[in-house]
Each structure stands twice: as structure tokens, then as C-alpha cells.
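Undergrad: Here's the letter readout for the chains.
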Amino acid sequence: MGLYKDIKNLLLGMKITGKHLGRHAVTIQYPEEKWTMPERSRGIVVLLSDKETGELNCTGCLLCMRACPSAAIRIDAPRGEDKKRHVKKFDINFGICCFCGLCEEACNFCAIRMAPKYEFSTENKDDLTWDMHKLQEMGRDVDYVDTRKKKIPKPKPAIEEKPASETKPAEVKPDTPKQEENND
Amino acid sequence: MGKLRTEEFQVNMGPQHPSTHGVCRLLLTMDGEKVVDVVPHVGYLHRSIEKICENRTYAMCIPVLDRFEYVTAMSCNYVFALAAEKLAEMEVPERAEYLRVIMLELNRIASHLIFYGTTAMDVGALTPFLYGLRERELIVDLFEMTCGQRLTYNYIRVGGVSRDIPKEFVPKCREAVKIIGEKLSDYEGILNENPIWIARMKGIGLTDPQKAIAWGVSGPVLRAAGVKHDLRKDDPYSIYNKFDFDVAIRWNGDCYDRYLVRLDEIRQSLKIITQALDGLPEGDVRAKVKAKFKPPAGEVYVRIENSRGEMGVHLVSDGSTKPLRVKTRGGSFNQLQYLPEIVRGKGYLIADLVAIFATFDIILPEVDR
Amino acid sequence: MPLVLMSLELIEIFRWAYGLLAELGLPPVWVMLISYGVIGVLMFGVLALLALFLVWWERKVAGHVQQRFGPMRNGWHGWYQTIADAIKLLQKEDVDIIARDKFVFFWAPVLCFVAAFLAYICIPFGKDLIVADLNIGILYIMAVTTFTVIALLMAGWGSNNKYALFGGMRSAAQAISYEVPMVASILTVIIYAGSLSMVDIVQSQNSFFGWFICRMPFGPIAFVTYIIAATAEANRAPFDIPEAEQELVAGFNIEYSGMKFAMFFLAEFINLFTVSAIAVTLFLGGWEGPWLPSWLWFLLKTLGIVFLLMMFRWTYPRLRVDQLMEFAWKFLVPVTFANLILAATMKYLGWYW
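If you're matching them up, the sequences are chains F, W and X in order.
Residue 165 in this note's numbering sits at position 165 of the first sequence; the count goes up by one each step and never skips.
Residue 225 in this note's numbering sits at position 41 of the second sequence; the count goes up by one each step and never skips.
Residue 677 in this note's numbering sits at position 124 of the third sequence; the count goes up by one each step and never skips.
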């Protein structure tokens with residue numbers, strides 16, 4: 001009865017594929033239909049702005065730059081006359097970014113975030129390096145919970161996490177370890 | 185009249201070949217359709233991950249190691265985190281351990297679903313590939329919901345996991361487990377008893393248990409040869425000893441058994457996930473890790489059961505923020521080295537070689553690192 | 554509605570056009586040449602379009618079986634996707650490799666393409682709708698379809714590529730092996746039809762129970778063996794070893810690009826239609842059927858068989874080359890010959906209807 005069994009099993013295979021013929025496709029038609037990414041998706045790195053003033057949250061503490069495993073972040077934030085750091089340049093090269101999200105976790109000022117956005121391919125390799133303004137524009141509509149203290153004291157660079165360590169970034173990232181200069 | 189003599193010739197299978205699963209170059213010595221000898225040439229995908237890790241802090245190593253074996257990136261995360269925790273003698277919260285087990289097992293299923301699809305495709309059935317990936321999407325969606333990425337998760341960290349699961353994770357995970365359990369009958373119906381599939385797989389690529397052990401082969405390939413070796417049972421790590429599951433085992437050591445072992449493992453993993461979801465405790469998901477994570481000087485080797493065999497990390501620390509040496513071990517490398525021995529002189533055809541290569545489930549980034 | 558469709562016999566259009574041509578008062582030679590020329594162009598156009606349609610349909614079937622969409626972009630459900638593909642392939646650079654055998658390499662796709670069309674001279678698309686009712690119709694078809702094998706062997710040899718050579722040799726071995734059970738299945742039909750002419754064969758099965766597939770017990774067996782052999786003959790999965798993608802990358806057409814590749818590709822789909830058309834003519838009563846016009850019946854039946862072959866392709870794994878030979882010689886050949894003997898005996902004894 002080997003032949004009978006073989007034929008039966010061949011027909012069973014046809015039945016299974018035939019069964020799927022009438023079913024609706026599980027794929028979507030990409031440019032027309034878009035898939036909503038979950039809130040935590042690490043799509044693209046954006047810079048967040050203050051909800052009231054609209055200025056960048058970034059204090060230029062360089063923590064994200066130091067946390068980045070592929071050195072995709074370039075920050076130039078020299079100290080001004082008022083001893084504060086002023087972010088002059090904040091470039092992210094998405095060509096070498098590995099989308100690991102460590103920058104987001106390192107940041108204590110709600111300044112850098114990975115947003116659930118995509119579709120950022122370019123024809124030119126140089127266009128993958130985004131400057132501060134573009135990153136800020138991208139981050140304008142990204143919602144976030146402001147876990148900073150309202151009044152930021154004079155940002156003391158390098159040991160910046162003192163004020164922030166008291167604020168618990170509760171919902172978004174529980175127990176994020178404070179990473180200070182972990183890469184010299 | 186003497187036997188007709190035929191001339192042997194060499195064929196390059198790869199580095200660009202549909203069924204070498206990446207960029208592996210197999211140098212075949214052929215006698216007509218028969219494969220006389222096969223020499224795997226590896227290294228086309230070498231990214232020097234180990235060396236890169238030596239120049240990164242412990243936290244930074246994990247996204248790099250995601251790329252070590254990207255089909256089961258959770259295992260890569262986990263094995264490194266485990267090594268670092270062992271060095272630092274760190275306690276991990278219980279919830280984190282449960283989450284780790286859920287993620288590891290989900291990832292094992294995802295990997296085996298890819299195996300199911302690619303093996304069927306290598307043997308010529310094109311549709312199962314899409315079915316396998318369809319269910320894998322459910323798992324990948326869960327991962328994305330939890331950690332934000334679909335392939336390189338960077339989720340399991342030193343001291344726990346990066347963040348807690350979202351609220352809707354548990355019901356969605358239960359649903360995914362249910363769906364995958366149901367779809368398994370479809371998978372089996374389309375291939376398991378199909379006479380063509382049996383003809384292609386049964387009795388092909390026989391592995392010898394003794395030799396397989398000698399070559400360092402592990403994982404499903406070894407278990408299909410009748411060796412009951414599963415690190416989750418034999419050398420329990422994490423909280424695997426809390427769960428009730430069987431080690432999937434088959435005895436013939438041919439392609440068909442390797443295929444069945446993996447399907448069985450999907451079932452066992454579903455069982456573990458269900459138990460882990462039931463027993464998921466509340467609490468923290470990450471132990472307090474010092475800002476500058478500096479494990480004490482020393483060296484450690486940890487190993488876990490990956491979907492491709494034993495995955496290990498040999499970590500040497502000199503007490504600084506960066507590891508002194510990271511040596512990774514993946515199951516695929518040993519299996520690829522064992523490949524010539526089971527093919528050589530057995531008179532397998534090129535189609536058999538493809539089936540053997542597929543059922544070994546070799547993934548080249550793991551071989552080349 | 555059925556009445557309207559019944560009046561839609563295509564042959565009437567041809568008769569009407571021929572009548573117009575004859576009334577022009579041209580010399581008979583001219584009339585013949587013009588009519589043959591028109592028919593030739595028509596056949597070529599229809600078959601090329603048919604092949605493009607089949608490619609599209611195959612992709613649609615594959616998509617739906619795999620719960621995807623298949624082509625969706627160009628036109629309604631991507632209906633002109635394959636036409637766009639063909640135009641794209643026409644524009645592609647014809648990559649000419651250095652180490653090829655120029656003559657063989659160039660002519661292989663042409664031969665393959667031409668051989669695929671030759672069979673259509675004596676396939677009846679409908680009642681009286683046949684280019685030439687040769688009295689050796691089926692024999693002629695069997696003869697010309699074999700050219701495809703030579704073409705594939707030429708492609709394999711001419712490419713000077715080991716994978717292509719594998720593909721060519723496999724294709725030759727496979728075609729020779731499966732020709733035997735195929736012919737034996739066809740012979741079963743011929744014994745009963747008593748003729749090699751395709752029209753006679755169709756006319757000999759003029760009611761549903763007269764279809765050869767319904768002639769118990771040899772009819773279904775002959776049909777199934779024919780379908781298996783035909784799948785192999787058309788190089789379709791699970792017998793697609795000449796181009797086994799996962800083993801030989803692309804087999805015989807590995808070195809071909811642009812329009813040469815497209816010719817192989819279209820020829821493959823025309824062959825698919827050919828074997829299905831033969832199956833319909835021999836076993837399923839050809840154009841016979843109530844209510845609908847005969848050409849529509851023929852088309853529907855043929856597309857049904859094509860669909861079956863497509864489902865085979867998207868369901869089953871591929872056989873290994875030696876298993877393929879074994880299956881042909883150790884299973885199909887004995888079965889078909891036993892069936893042939895059974896059929897002949899029953900015919901001799903008169904135990905049939």
C-alpha cells in the first residue's frame with residue numbers, strides 16, 4: 001500500500017497549498033499601505049526639542065557620542081563664555097549607525113531618541129549624514145515624557161548625570177544605568 | 185572491458201550560490217554528477233567581530249555581537265551578557281531571567297522556522313519558505329514591540345534586559361504560540377510524508393555520533409544522530425531547570441531526522457514559552473549595574489544551547505571597562521568542518537550536498553564572525 | 554447569452570475573411586500565401602501573448618498560494634507586468650561571454666523558441682480551428698517538441714559553464730527518459746482513436762463518457778502517467794532539474810541575458826501550454842463541450858491543466874536526478890506499458906465502449 005499512501009500524501013500537500021489559494025494575503029502593498037511601527041521601534045535617531053520653548057534639549061554633554069558603538073555621532077559643543085556648552089554641531093551618520101539605541105539610553109536629558117520612522121534612503125551617500133537642524137525637525141512630532149528637572153542647573157560637563165540621576169525615568173526606560181565616560 | 189573512466193573536475197559552488205546560505209565557497213570535486221570531495225572555503229563574511237569587541241565597552245559589545253549570528257541575535261546578546269555576569273558574579277532579577285528565556289525560545293522558534301523554509305526551498309519546494317516566514321513575522325513583531333528592532337535586538341544586557349515588556353506582549357505572545365502550534369500541522373502535512381521529500385531526505389548525509397562528537401558538532405545535528413546532548417538540560421543556565429520540556433532526539437542522523445528534530449524543538453520551545461508566560465513574576469528587569477561596568481580581572485567561558493548548537497563566549501577581562509579578549513564559538517563552524525567528512529567518498533550527488541548543507545542549518549556570519 | 558457565445562466560433566471569422574480574400578480575384582497562389590502568412594503572424598502573436606499571460610498567471614498563482622499578492626503594480630492586478638518585463642528584457646544588454654561557442658550559444662535560444670511554436674501547426678484550438686490537420690499529427694508533435702532538448706543541450710554546451718553543462722546534460726537525459734512513458738501513454742489513446750490525426754482523436758471522444766480519461770480502467774492511468782511525463786517534458790517542478798535553481802543556479806540558461814534569456818523563458822511557458830493542450834486533446838475531449846463555443850472549451854480545459862501543473866510546481870519539492878531516472882524507468886515505463894497491453898487486449902476483445 002505504499003503507492004496509495006504516497007498518492008494520499010501528495011494530494012494532502014496539494015490540499016494545503018490549495019487551501020491557501022483563497023486566503024487573503026498577509027503582505028501589504030508597501031508605498032500605498034504602510035505598517036504602523038510600534039512605539040518602541042528604533043527607526044531613526046532624532047533630536048528632541050523642548051515642548052515649550054522649542055529649543056533642543058541637548059546640553060552637549062557628549063554621553064551619547066561616547067555610548068555609540070560605531071561612532072556615528074559627531075558633536076561639537078565648545079564651552080561658551082558662560083561656561084555652558086553650546087551645541088554647535090550635532091551630526092549623525094546613518095551610514096554607520098547600527099540602530100542599537102544605546103545613545104537613547106545614555107541620554108539623561110530627553111535629548112536624543114530613536115523614533116519609529118523609516119524611509120530615509122538617499123541616492124547619495126553624503127546625504128546620510130544629518131545635521132542638527134534636520135534631526136531636530138524630524139524630532140518635532142515625536143512625543144516623549146519629559147523626565148528632566150524643570151530648571152536645569154548649570155550643566156557641568158563630564159559629571160552631568162548628578163541632577164538627572166535623581167529623576168527616575170520611570171515608564172520609558174527603567175533603571176537605565178548611568179553611563180559616564182565609558183569610552184575614552 | 186575495463187570500467188569506463190571518467191575525468192574528475194572541479195566546480196566552485198559559491199561564494200555566490202543560491203543554496204550556500206550566505207557567502208560560503210564550496211570547492212567541489214565532481215565525477216559527473218557525483219561529489220567526490222568538498223572543501224569549504226570560509227572567510228568571505230569575516231567582519232572581525234571579536235576584535236571589534238575588544239575595543240568596545242561591555243555595553244557596546246552587545247550590539248556588535250548582534251551581528252555575530254543574526255538569525256538568533258538574542259542568543260548572542262545573552263551569551264555575552266551571561267559571560268560578563270559570571271565574571272562580575274552578578275545576580276539577575278527573576279523577571280529578567282523569565283523574559284530572557286521567553287525571548288531565547290521565541291528566537292529559537294524563529295530560527296527553526298527559517299530553517300524549515302530554507303531547507304524546503306533548497307530541496308525545491310518554494311511555498312513552505314513563505315509559510316515559515318509568515319509565522320516568523322509574528323515572533324519578530326513581538327520582538328519589535330519589546331525592544332524596537334526586528335533582527336538585531338540589543339535586548340538582553342549585562343544584568344538583565346534593556347526594558348520591560350509592554351502590556352500587550354503577554355496576550356500577543358500567547359496568541360502567537362497558539363497560531364504557531366496550529367500551523368505546525370500545515371508544515372508537517374506539506375512536507376513530512378511527501379514521498380518526494382522522503383526520497384530526498386531519508387538516508388542522506390548520515391552522521392556518525394562518535395565522529396560528530398569528535399568534530400565538535402552540537403545542537404540539533406548531534407541530537408538527530410541519537411546523542412542526547414542539550415545544554416539546557418545538561419549544563420542548565422538561566423532558569424531552564426524550572427521548566428518541563430523534553431530534549432528532541434532522533435536516531436538515524438540523516439537529513440530527514442535533522443529536519444524532524446527541529447520541528448520537535450519548535451514544539452518543546454512552545455511548551456517552555458507557555459510555562460514561562462504562566463510563571464512570569466513581577467519585579468525589576470535589570471540589576472543595578474555600575475555606571476562604569478568593570479568586571480574583575482579573570483576569564484570565563486560560558487556556553488548556551490543555540491538553535492545551531494553550542495554557542496559560547498570566552499571572555500577575558502583585565503579589570504578595565506573593555507574586555508581584553510572575546511572569543512566566540514558558534515555551532516555552524518564545527519558543522520561546516522564536519523561536512524566534507526560525511527560527503528567525501530559517499531557518492532552523494534550535488535543535490536544531496538545541497539540538502540545536507542541545508543539541514544546542517546549553517547549560517548555563514550557565525551562561521552566567519 | 555449561450556446563444557451569443559455559441560455563435561462566436563472563431564473559425565467563422567476566418568472563413569469570412571478567407572471568402573473576402575478569395576473574392577478579390579488574386580491568383581490562387583497569392584491567396585494561399587497571404588492566408589498562410591496571416592495565420593502564421595496570428596499564431597505567433599497569440600502564442601507570445603499566451604506565454605506572457607501564463608507567466609503572469611504563474612506569478613499570481615504562486616503569490617496567492619504563498620499568501621502574497623504577486624504582481625500588483627502595472628495595471629489591474631499587474632496584468633501587463635509581464636509585457637513590461639519582456640520590453641525591459643528586450644532593452645537589456647546582451648552579455649556576450651568570451652569563452653562561449655559562438656554558433657551554438659547564439660542559436661540555442663532561437664531553436665528553443667522556434668521548436669516551441671512548431672507543435673502548434675496541428676493542435677486543434679476548436680472545431681475546424683487547426684492550421685493543418687496532418688494525418689500524423691501527434692507523431693509530428695512528439696517529433697518537433699524534441700527539438701527543445703537539443704536546444705537546451707546546445708545552450709548548456711555553448712555557454713562553456715559547468716553548471717550550464719550540467720543543466721544541458723540533465724535535460725537531455727530527462728527528456729529521453731520521459732519520452733518513453735509519454736509515448737506509451739499516447740499510444741493507449743491512439744489504439745482507441747485509430748488515428749494519429751489530432752482532429753480524428755478529438756472526434757472519437759464525442760461525449761463526456763467518450764473522453765479517454767473516462768475509459769475505465771486504462772484511461773485515467775494513461776492520463777496520470779501522461780501528466781507526470783508531460784511535467785517532466787516541460788521541465789516543470791518537481792521535475793525541473795535542468796534549471797534546478799538551488800543546485801545549478803539557473804542550469805542551462807545561466808549565461809544568457811536579455812532577450813536570449815527571455816526566449817528560453819517564453820519557450821518554457823509555450824511548452825507548458827503545448828503539453829497541456831495535448832493532454833486536453835488526447836484525454837479530455839479537446840474542443841468538445843456543450844453551450845460554449847469550441848475554442849473556449851479548449852482554452853478552459855487547457856488552462857485547467859496548466860493550473861494543475863502550476864500547483865504541482867508550488868507544492869512539491871524537486872526530485873533528485875537519479876531518482877528522476879529511476880522513477881521514469883522503474884515505475885512509469887512498466888506502468889505505461891502494462892497499461893498499453895491492457896488497453897490493447899481490451900480493444901482486441903471488444904470490452905470497451
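Just so you know, these hints were derived from the structure itself, not from any lab.
Please read all numbers here as calculations on a predicted model, not as lab measurements.
Check before you lean on any hint, since a few could be wrong.
Quick list of in silico lysine-lysine cross-link-like pairs, DSS-like style, CA-CA up to 27 Å [unchecked claim]:
1) F/K117 with W/K351
2) W/K386 with F/K8
3) W/K386 with W/K218
4) F/K134 with F/K117
5) W/K351 with F/K34
6) X/K655 with X/K645
7) X/K613 with F/K15
8) F/K34 with X/K645
9) W/K218 with W/K187
10) W/K356 with F/K34
Undergrad: Each of the hints needs a verdict: does it hold here or not?
TA: Comparing the hints with the structure gives:
The hinted pair formed by F/K117 and W/K351 meets the criterion: a straight-line CA distance of about 22 Å does not exceed 27 Å. The hinted pair formed by W/K386 and F/K8 meets the criterion: a straight-line CA distance of about 19 Å does not exceed 27 Å. Between W/K386 and W/K218 the CA atoms are separated by roughly 18 Å; this keeps the pair inside 27 Å, and the hint holds. Pair hint F/K134 plus F/K117 holds up; C-alpha atoms about 14 Å apart against a cutoff of 27 Å.
Taking the CA atoms of W/K351 and F/K34, the gap is about 24 Å. The hint holds against a cut of 27 Å. Under the criterion of a C-alpha separation no larger than 27 Å, the hint pairing X/K655 with X/K645 is consistent with the structure, at around 19 Å. Proposed proximity of X/K613 and F/K15 is supported: the alpha carbons are some 18 Å apart, at most 27 Å. This hinted pair does not check out: F/K34 and X/K645 have alpha carbons roughly 33 Å apart, beyond 27 Å.
Of the supplied pair hints, the one linking W/K218 and W/K187 holds, its CA atoms being roughly 16 Å apart against a limit of 27 Å. Annotation: proposed proximity of W/K356 to F/K34 holds, straight-line Cα distance about 21 Å (limit 27 Å).
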